[in-house]
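A.B. asks: Given next are the chains, with one letter for each unit.
Number of protein chains: 4
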Amino acid sequence: MRSIDINCDCGESFGNWQMGADESLLPLLTTANVACGFHAGDPQVMMRTIGLAQEHRVAVGAHPGLPDLLGFGRRRMQIAPAEAHSYILYQAGALKAMLEARGMALHHVKPHGALYAMLNDDSELAAAAAQAIVEVCPRPLLYWPAPTKGNALPDVAASRGIRVIGEVYVDLDYDRHGRLILQRRKEAVDLTRVRRRLEEFIATGSVASVTGETVAMPAESICIHGDGPNALDILKTVRDVLAEHQTEIGAAAAEGPAGRRAAAS
Amino acid sequence: MRSIDINCDCGESFGNWQMGADESLLPLLTTANVACGFHAGDPQVMMRTIGLAQEHRVAVGAHPGLPDLLGFGRRRMQIAPAEAHSYILYQAGALKAMLEARGMALHHVKPHGALYAMLNDDSELAAAAAQAIVEVCPRPLLYWPAPTKGNALPDVAASRGIRVIGEVYVDLDYDRHGRLILQRRKEAVDLTRVRRRLEEFIATGSVASVTGETVAMPAESICIHGDGPNALDILKTVRDVLAEHQTEIGAAAAEGPAGRRAAAS
Amino acid sequence: MRSIDINCDCGESFGNWQMGADESLLPLLTTANVACGFHAGDPQVMMRTIGLAQEHRVAVGAHPGLPDLLGFGRRRMQIAPAEAHSYILYQAGALKAMLEARGMALHHVKPHGALYAMLNDDSELAAAAAQAIVEVCPRPLLYWPAPTKGNALPDVAASRGIRVIGEVYVDLDYDRHGRLILQRRKEAVDLTRVRRRLEEFIATGSVASVTGETVAMPAESICIHGDGPNALDILKTVRDVLAEHQTEIGAAAAEGPAGRRAAAS
Amino acid sequence: MRSIDINCDCGESFGNWQMGADESLLPLLTTANVACGFHAGDPQVMMRTIGLAQEHRVAVGAHPGLPDLLGFGRRRMQIAPAEAHSYILYQAGALKAMLEARGMALHHVKPHGALYAMLNDDSELAAAAAQAIVEVCPRPLLYWPAPTKGNALPDVAASRGIRVIGEVYVDLDYDRHGRLILQRRKEAVDLTRVRRRLEEFIATGSVASVTGETVAMPAESICIHGDGPNALDILKTVRDVLAEHQTEIGAAAAEGPAGRRAAAS
Numbered sequence: 001m002r003s004i005d006i007n008c009d010c011g012e013s014f015g016n017w018q019m020g021a022d023e024s025l026l027p028l029l030t031t032a033n034v035a036c037g038f039h040a041g042d043p044q045v046m047m048r049t050i051g052l053a054q055e056h057r058v059a060v061g062a063h064p065g066l067p068d069l070l071g072f073g074r075r076r077m078q079i080a081p082a083e084a085h086s087y088i089l090y091q092a093g094a095l096k097a098m099l100e101a102r103g104m105a106l107h108h109v110k111p112h113g114a115l116y117a118m119l120n121d122d123s124e125l126a127a128a129a130a131q132a133i134v135e136v137c138p139r140p141l142l143y144w145p146a147p148t149k150g151n152a153l154p155d156v157a158a159s160r161g162i163r164v165i166g167e168v169y170v171d172l173d174y175d176r177h178g179r180l181i182l183q184r185r186k187e188a189v190d191l192t193r194v195r196r197r198l199e200e201f202i203a204t205g206s207v208a209s210v211t212g213e214t215v216a217m218p219a220e221s222i223c224i225h226g227d228g229p230n231a232l233d234i235l236k237t238v239r240d241v242l243a244e245h246q247t248e249i250g251a252a253a254a255e256g257p258a259g260r261r262a263a264a265s
Numbered sequence: 001m002r003s004i005d006i007n008c009d010c011g012e013s014f015g016n017w018q019m020g021a022d023e024s025l026l027p028l029l030t031t032a033n034v035a036c037g038f039h040a041g042d043p044q045v046m047m048r049t050i051g052l053a054q055e056h057r058v059a060v061g062a063h064p065g066l067p068d069l070l071g072f073g074r075r076r077m078q079i080a081p082a083e084a085h086s087y088i089l090y091q092a093g094a095l096k097a098m099l100e101a102r103g104m105a106l107h108h109v110k111p112h113g114a115l116y117a118m119l120n121d122d123s124e125l126a127a128a129a130a131q132a133i134v135e136v137c138p139r140p141l142l143y144w145p146a147p148t149k150g151n152a153l154p155d156v157a158a159s160r161g162i163r164v165i166g167e168v169y170v171d172l173d174y175d176r177h178g179r180l181i182l183q184r185r186k187e188a189v190d191l192t193r194v195r196r197r198l199e200e201f202i203a204t205g206s207v208a209s210v211t212g213e214t215v216a217m218p219a220e221s222i223c224i225h226g227d228g229p230n231a232l233d234i235l236k237t238v239r240d241v242l243a244e245h246q247t248e249i250g251a252a253a254a255e256g257p258a259g260r261r262a263a264a265s
Numbered sequence: 001m002r003s004i005d006i007n008c009d010c011g012e013s014f015g016n017w018q019m020g021a022d023e024s025l026l027p028l029l030t031t032a033n034v035a036c037g038f039h040a041g042d043p044q045v046m047m048r049t050i051g052l053a054q055e056h057r058v059a060v061g062a063h064p065g066l067p068d069l070l071g072f073g074r075r076r077m078q079i080a081p082a083e084a085h086s087y088i089l090y091q092a093g094a095l096k097a098m099l100e101a102r103g104m105a106l107h108h109v110k111p112h113g114a115l116y117a118m119l120n121d122d123s124e125l126a127a128a129a130a131q132a133i134v135e136v137c138p139r140p141l142l143y144w145p146a147p148t149k150g151n152a153l154p155d156v157a158a159s160r161g162i163r164v165i166g167e168v169y170v171d172l173d174y175d176r177h178g179r180l181i182l183q184r185r186k187e188a189v190d191l192t193r194v195r196r197r198l199e200e201f202i203a204t205g206s207v208a209s210v211t212g213e214t215v216a217m218p219a220e221s222i223c224i225h226g227d228g229p230n231a232l233d234i235l236k237t238v239r240d241v242l243a244e245h246q247t248e249i250g251a252a253a254a255e256g257p258a259g260r261r262a263a264a265s
Numbered sequence: 001m002r003s004i005d006i007n008c009d010c011g012e013s014f015g016n017w018q019m020g021a022d023e024s025l026l027p028l029l030t031t032a033n034v035a036c037g038f039h040a041g042d043p044q045v046m047m048r049t050i051g052l053a054q055e056h057r058v059a060v061g062a063h064p065g066l067p068d069l070l071g072f073g074r075r076r077m078q079i080a081p082a083e084a085h086s087y088i089l090y091q092a093g094a095l096k097a098m099l100e101a102r103g104m105a106l107h108h109v110k111p112h113g114a115l116y117a118m119l120n121d122d123s124e125l126a127a128a129a130a131q132a133i134v135e136v137c138p139r140p141l142l143y144w145p146a147p148t149k150g151n152a153l154p155d156v157a158a159s160r161g162i163r164v165i166g167e168v169y170v171d172l173d174y175d176r177h178g179r180l181i182l183q184r185r186k187e188a189v190d191l192t193r194v195r196r197r198l199e200e201f202i203a204t205g206s207v208a209s210v211t212g213e214t215v216a217m218p219a220e221s222i223c224i225h226g227d228g229p230n231a232l233d234i235l236k237t238v239r240d241v242l243a244e245h246q247t248e249i250g251a252a253a254a255e256g257p258a259g260r261r262a263a264a265s
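Those protein sequences? They're chains A, B, C and D, same order as listed.
Counting from 1, one number per residue, gives the positions in the first sequence under our numbering.
Counting from 1, one number per residue, gives the positions in the second sequence under our numbering.
Counting from 1, one number per residue, gives the positions in the third sequence under our numbering.
Counting from 1, one number per residue, gives the positions in the fourth sequence under our numbering.
Hints in this document: simulated from the structure, not taken from any laboratory.
Honestly, I wouldn't trust all of these hints.
Given that identical chains are not distinguished, each listed pair holds provided it fits within a single copy or across any two copies.
Unchecked claim - Below, simulated SDA-like cross-link-like pairs (lysine to any residue); rule was C-alpha separation at most 25 Å, straight line:
no.	residue 1	residue 2
1	149	54
2	236	131
3	149	100
4	186	227
5	149	246
6	186	158
7	186	101
8	186	80
9	236	192
10	236	176
11	186	103
12	186	57
13	186	47
14	186	21
15	149	239
16	186	155
17	149	105
18	149	166
19	186	246
20	149	190
21	186	152
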C-alpha cells in the first residue's frame, strides 16, 4: 500500500445544536463527508465546515441522507427510486455550489445512515443513486464499507464508471462475513485494539473477525467515527501507526491506483 | 425594443400539494423562476419543473426564499447576512446541479417574497446575496421589478458585475413612485387593462400609475403571476399583443443589450 | 341499523397550499378526522377546520400521521413504539387543546396513511398507539376500516377499553377478504355504484367484493374520501340514500350500541 | 419573602442533538419550562423531560416558540395575531396532553426567544397570546422577567385574569431601567456575583444595575440559564444562599400571595 485516505463524517451540527468535534478532527483527516441538510447540517454549518476543510487541505464529499432531521436519517423510509435520485442530486448539488464558491470541487459521495442501508439492499434505488452521483460529481467517486462486492450500490456504481473507494473501520468489530458490528451506545474505543487492527490491515490487507476468521478488506480509506467519546485519540493513534509504517496519507484519487501507476510509468 | 422576455414563478407545488398551472403556462414563457425547497418546491417538483422547461425551451432561474414553508416565505425573518448568502447559495446550487444533470445551465436568480423585500431594503443582506449570485451563476443575472435604481440588491448587484433585468408587471397597478400595488386577494385581472398597459409599455417604455402619472419602466422582462385565477388568459393576451406589435420574444441574455449590439456590428 | 356516522378526512391544507373541499363537505358530515401538522395541517388550518366543524355541529377526531410533510405521511418509516406513542399524543393533544378552547371535546382518533398501515400490522406499535388513545381521549374511540378483527391496533384497542368504530367505504372496491382496493389515481367515482353499495350495506350489513363474494361489513360509519374529484357528489348521494331508507345520521357515540340500548331501557 | 420558585428552560434537545443538562439541573428546580417542538424539543424529548420532572416533583410549564428550528426560535418573524394564538395553543396543548397522561397538570406558559421579545412589544400579538394562555392553562400563569409592568403581554395578561410571575435573573446583569443585559457568548458566571445579587434581592427585593442604581425587582421566581458552562454551580449557589437565608422553595402557586394570605387567615 503506497497511500491511504482517512475519512470522517463532519458538519453534523444543526442550527444551535452542536455535534461532533470538527475543529479538532479535520486537521487530521484527508477527506470529510459533509452532511447536506436533510438529516443533519444546514447552510451555515456547511459553509463553516467547508471553510475548515479548505484551511486544512481536506477533500470534501457529500454525505446525503433521508429527509428526516428528527430521526437523524437513521430510520428507513419507503422512498421511490426517483426520490433517491432527486434527494441525492439536491443535497450534493447544494454542497457542490458552496465548494465551487470557495474554489474547491466536490470530491465524492457517501450516503448516510438508513439511506446507506437501503442503497446496500435495493438495486432499483441503487441505480437511481448511481445516476445522481454520475451527474453531480465531476470525477465520480463513491465511498463504501469494504468488502463492497455483492452490495447494490457499489455493484451498480462500478458498472456506471463510478470508482468505489472501500473503507476499513478500525474502531468497530467485524463478523465473519466482513459485516460491521454496530455499537448500541457510543463508548470509548480501546486504542490498543485500534492499533492492532490497523497494523494487521497494513501488513495483510485483511482484518480479524470477532470469531477469529481472517476477512479480506480491499480498502483504500480508513473511516473514523467522529461522534465517539475518544474520536480524537483514535484518529491520533491511526496517524501514529501510519507514520510508524511509512504509509503515505492522501485523499483517494478519482483515477484510482491503476491510473496513478499508469501516470507514473 | 427588439426582444422581450416573459418570466413566471414555477415549481411552487410541495409534496402532495399542487400550486400553479406550470403545465399550461410553461409553453408560453421564455424564463421560469423555480422554487428551491425553502418556501416551496421540493426535489421531485424541481426535477419535474426542469423537465417541462427543457421540453418547451424555457430558461430556468432560481427562486430562493426564506426557510419558512409554513409561511410560504412571505413572512420577514431576522436573518444575518451570512445566512442570506448561504441560503441562496444552497438553494440555487441544488437547482443548478439538477439543471446541469439535464444539460442545462442556471440562467438567473430572482429572490422570493419576504426575502425579496428584505433585499430591497437592507444593503448588508444585499451585499451577501450578490456574493452568492456571483458565485453560483455562470453568467450572473438578477431579475427585479423595474424601476430597479435606488433599491439595495439591484444597486449592489450592478456594482458586482451582475446584469439586472428589470421587470414590468402587466397584471398589477403601479403607484406614482413606480411601486407595485399588491392585491389582497388573487382576483381575475381585466384583460383589457393588461392589453392597454402592455401596449403603452411597448410604445413608450413607461406605464401609467393609478393616479395618472407616467412612470418610466426600464424593463426587459414581463413578469406574470402564475397563481391568479386567469393567469393563462393574461399570458395569452401578452403573447397576442407582442405578436401584433412584432415584438420578438426571448430569454434575457447575460451579455445584455449592449453586448448584443456589439455582437451584431 | 338505527343510526350511522359519516366521516371524512379534513384540514389537510398546509400553509398556502389548499387541499380538499372542507367548506362544502363539512356541512354534510357527522364526524371529521382533522390532520394535526405532522403529515398535513398546521395550527391555522386546524383552528379554521374546527371552526367550520363547530358551525355545522360536526364531531372532531384527530388524524395523526408520521412526521413526513414531504411524503404526506404515506411513506412507511421505521419508528419505535415509544415514538408512535409520543407522536400520537403530541398531535392529538394539540388538537384537543384547540377543541377545548372552543368548548368542544376530542371525539376520536383515526391514524393516517402509512401510520395506519403500520398500526394494522405491528402489535408493538399498536400497543403504544392504544396507550396514547386511552390517555388523550376523554371517552376513547378509534375509527378503523371494517372488518377490523385480526388487525393489530383494533385488536389491542378493544382489549384496552377503546371502542372501535368500523368504517365502510362506498367509494372504493373490496377484494374477497374485505380489503380495500386503493385507486392509483383519484378518478371520479360512479355514483350508481356508490348508491348500490350503500343500499346493499344498509339492507344486509355486507358488501359485494369485486369477484362477487359477499363480505360482512360490521361498520358504524361511512368513510368518504374528500380528495376525489366528485367527493361532494358522492357525499350527497350517500345522504340521499340514507334519507330514502330512513336511516338516522349521527356521530358514533362513545358508549356504543349496547350503551345506547342500556340507556333506553 | 416566604417562598420562592426556581425555574429553568428544559427539554431543548432535538432528535439526536443534545442540549442542556436536564438530568443534573431538574432535581434542583421547582418549575421547568419545556420546549414544545417548534424551536426545540420533540415528542420524545418532551416525554423524557416530563418523566424527569415528575420524578423530582418539578412543576412543568410550556415554553412555546416560533416555528424556526433552524434559528432556535431566536429570529423575529412577522406573524399575525391569529398565528401567535394558534402556535401557542398547539404547542402548549401538545405538552398538556403529555402531562395529563402522566397525571400532571400544565403549570404555566413562558414564551421563548424572539416570540417573547415580540410579545413584550406588540399588544395585538400579546392579546392573542393571552387568549391562548387562558384557554390552555387550567389556572393561568405566565412567567416573565421582572419588572413586568409596561410590557405588552404581562399587562394584557393581568387584565385577562392570568397571574404574572415576575422573574429575577441572578446570572445576568441589569441596566438602570431594569432591562437584562444579554451575554454575546455563554461564559462561566462569577458565583460570588450570583451570591451577592441573590442576597441583595432577598434582603431588599431589588438588585443593583451595572451603573449602580437600585432597581426594584418584584419577582417570585429565580430564572436560571441551563445552557451556560457552569449552570449547575450557579443553581447550587442559589440553593445554598436560599437555605442560608431560610427561604422556602416552591413552585409559584396559581392563587398568588394574596390567595395564600387569604387562605391562611
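A.B. asks: Looking back at the hints listed earlier, which ones does the structure fail to meet?
C.D. replies: 1, 2, 3, 5, 6, 7, 10, 11, 12, 15, 16, 17, 19, 20, 21
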